[in-house]
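**Student:** Chains as they are written, first to last, in full-length UniProt numbering: chain A, 1 to 290; chain B, 1 to 271.
Source of the hints: derived by calculation from the structure; they are not laboratory data. From the three backbone atoms N, C-alpha and C, an ideal C-beta is built for every residue, glycine too. Incorrect hints may have been included.
In silico lysine-lysine, DSS-like type, Cα no more than 30 Å apart, as pairs [said to hold, decoys possible]:
| # | chain 1 | residue 1 | chain 2 | residue 2 |
| --- | --- | --- | --- | --- |
| 1 | A | 98 | A | 50 |
| 2 | A | 185 | B | 201 |
| 3 | A | 221 | B | 201 |
Pair by pair, the computed Cβ-Cβ distance ranges are [what the hints assert, rightly or not]:
| # | chain 1 | residue 1 | chain 2 | residue 2 | range |
| --- | --- | --- | --- | --- | --- |
| 4 | B | 151 | A | 62 | 47 to 55 Å |
| 5 | B | 53 | A | 258 | 53 to 61 Å |
| 6 | B | 27 | A | 182 | 47 to 55 Å |
| 7 | B | 137 | A | 61 | 54 to 62 Å |
| 8 | A | 270 | B | 205 | 22 to 30 Å |
| 9 | B | 22 | A | 67 | 54 to 62 Å |
| 10 | A | 62 | B | 234 | 52 to 60 Å |
| 11 | A | 217 | B | 262 | 54 to 62 Å |
| 12 | A | 228 | B | 57 | 39 to 47 Å |
| 13 | A | 114 | B | 249 | 49 to 57 Å |
| 14 | A | 130 | B | 192 | 20 to 28 Å |
| 15 | A | 130 | B | 188 | 12 to 20 Å |
| 16 | B | 205 | A | 4 | 49 to 57 Å |
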Amino acid sequence: MANRLVTTQPIGVLGAGTMGIGIAQVAAQTGYTVRLFDLSDDVLGKALAKLRVALEKLEQKGKLAAGETELVLGRILPTSTLDSLSDVALVIEAAPEKIELKRSIFAQLEGICPPDAVLASNTSSIPITAIAGGVKTPERVVGLHFFNPVPLMKLVEVISGMHTSAETVAWADAFATSLGKTTAKCIDTPGFIVNRVARGYYGEGLRLVQEGVATMEQIDKLARLEGNFRMGPFELMDLIGIDVNLSVSQSVYQATYEEQRYRPNPIQERMVQAGDFGRKTGRGFYRYDQ
Amino acid sequence: MTSNGQKVLVLGDGTVAEELAEALKAAGYVVDDYLHPGPIDAWNEKPFAYLAVEFTRLEFAAYDAFFIALTSDRDVQGRLVRELELSIPKQTPLFVSAMSLAATEIASWCEHPERVIGFGFVPPLCGVQCLEMTVPLQAESTAFAEQAVASVLAEWGMDVEWVQDSAGLVLPRLVSVIVNEAVTALVEGVAAAEDIDIAMKLGTNYPHGPLAWADAIGLDQVYATLQGVYDEQQEDRYRPAPLLRRLVLAKRFGVRVGHGFYRYKGAETNA
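Looking at chain A on its own, in the form it has when it is part of the complex:
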């Protein structure tokens, strides 16, 4: 709980989607004041209402101290005006994965946030260097890549762009650590660490099925009972979402000028075309309807 805060200033979170509200939650639970920005008041309202339900549930289960829900929510200050991020020590951008959008956001943030504020992106697929390329002070731009669901996943990748300063990396690392997260530092390469090294788990699983070496049920079973993985590759793809997994594969494949070992598998694309995304649609490699 009582992790030491690295700043008494508020921090900004930009975007109230799944990742943004998750980051806001852990920061507020740590004790930071969070300015949560989203263009849409409606998105903000719904995200905070959902968070209230989640926190109340935690409180009922005793996983959160009594009265903590109100305290945590009280530390999250929603806003739809970017100018209200003028007093933050750090802003974490969790906007949609579109490079032009992110570059325009960072160019605006540079003029609004204090000159010494750290500007972080939660991107999983866009180079930090490309985001920083559009600002005058790229040394304070850094990647802080959280994993979904943010409150549960312990890891944050801290990514240095080509011009990110050592001070920025150290500060961002200390901030993520203050949230109770474990950090892994890496440089700005496609997929960073996790999304790159994990590609083979899915890719080889699909190939083994295509080659008829084993069925997907056998591969999942062996992954769990022989390899001690928590889930086999097919179970995991169904959980992550086959559409999400395919888009990560495509992004790493494209970003490496089509390095063949990252080439997505046609099976993934076919399933996405069929609308079988995994658990969230009730059908993926396995069926989940009832």
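Once you have looked at the hints, place chain B on chain A.
**Tutor:** Just chain B, lined up with the frame of chain A:
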């Protein structure tokens, strides 16, 4: 340990053979093991001379099964398998690691290929509840192999999953590909070994960091699996990272020698 009355011979050159021999002893088998500390070089006649003498003393008919798990080059594997297989009665099951070469290829060196059974598992064996087994194409059916597993391995109490023969089988191939990517990222300077390992454990719930896992499997085994799959598939995605080969040449096999990607205290180091 009370004996379960079964007697087996284990011949190998890496972690897989060591762990297998240990596990079978623990399960009550009488185990005679011939374990070379690492892959045998083609020019090295010593192990062959040693085994030739040993083999003249062994009563081959007294064994219920033979196990071979090798990471040495194909030619060396071929020589060892042939010398052993010629000596053993034709109805005795011969279990061979299919973690680098397909069982069909190993069986192709044998007088009685139909009694060859391929197996695979990913160390550390202490957490493994299920082995992979396969039969070579020469066997035509799994009848003999299933019978052999039932009679010889029942006492071990390991679950068995039958898969189709292919170099590296399922999990050894899958894990080796992940390790290879982690090694490549390490060489490229993407992150330190510790950061890569912690990222994969916490970011996607892997049971071990890939580099620490490789040290536990044995870098010689990981390299042999990748090279074996690469030879069979002829695809660039399986090409072993050059650093992996150099580490094997330097005898930095990992945990069992005290040094791989990491150093391990309390063990002798070879490098």
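**Student:** What's the verdict on residue 221(A) and residue 201(B), does the C-alpha distance respect the 30 Å limit or exceed it?
**Tutor:** Holds. Residue 221(A) to residue 201(B) sits at ~19 Å (cutoff 30 Å).
**Student:** Indicate whether the distance between the beta carbons of residue 217(A) and residue 262(B) respects the range 54 to 62 Å.
**Tutor:** Violated - the Cβ-Cβ distance for residue 217(A) and residue 262(B), about 35 Å, lies outside 54 to 62 Å.
**Student:** Holds or violated: the 12 to 20 Å window for the beta-carbon distance between residue 130(A) and residue 188(B)?
**Tutor:** holds, 19 Å
**Student:** Quick check on a hinted range of 49 to 57 Å for residue 114(A) and residue 249(B), using CB atoms only.
**Tutor:** holds, 54 Å
**Student:** Please check whether residue 130(A) and residue 192(B) have a Cβ separation lying inside 20 to 28 Å.
**Tutor:** Once the Cβ atoms are compared, 24 Å apart, the range 20 to 28 Å for residue 192(B) and residue 130(A) holds.
**Student:** Starting from the hint 47 to 55 Å, judge whether the C-beta atoms of residue 27(B) and residue 182(A) obey it.
**Tutor:** violated, 38 Å
**Student:** Holds or violated: residue 185(A) with residue 201(B), Cα cutoff 30 Å?
**Tutor:** Holds, because 14 Å separates the two Cα atoms, which is no more than 30 Å.
**Student:** Does the Cβ distance between residue 137(B) and residue 61(A) fall inside 54 to 62 Å?
**Tutor:** 56 Å Cβ-Cβ, so the 54 to 62 Å window holds.
**Student:** Is the hinted range of 47 to 55 Å satisfied by the C-beta distance from residue 151(B) to residue 62(A)?
**Tutor:** holds, 54 Å
**Student:** Can the suggested window of 39 to 47 Å be confirmed for the beta-carbon pair residue 228(A) and residue 57(B)?
**Tutor:** holds, 40 Å
**Student:** Taking the Cβ atom of residue 62(A) and the Cβ atom of residue 234(B), is their distance within the range 52 to 60 Å?
**Tutor:** holds, 58 Å
**Student:** Kindly confirm whether 49 to 57 Å is satisfied by the beta carbon distance between residue 205(B) and residue 4(A).
**Tutor:** For residue 4(A) against residue 205(B), whose Cβ atoms are near 28 Å apart, the range 49 to 57 Å is violated.
Checked against the numbered hints above, the structure breaks hints 6, 11 and 16 and satisfies the rest.
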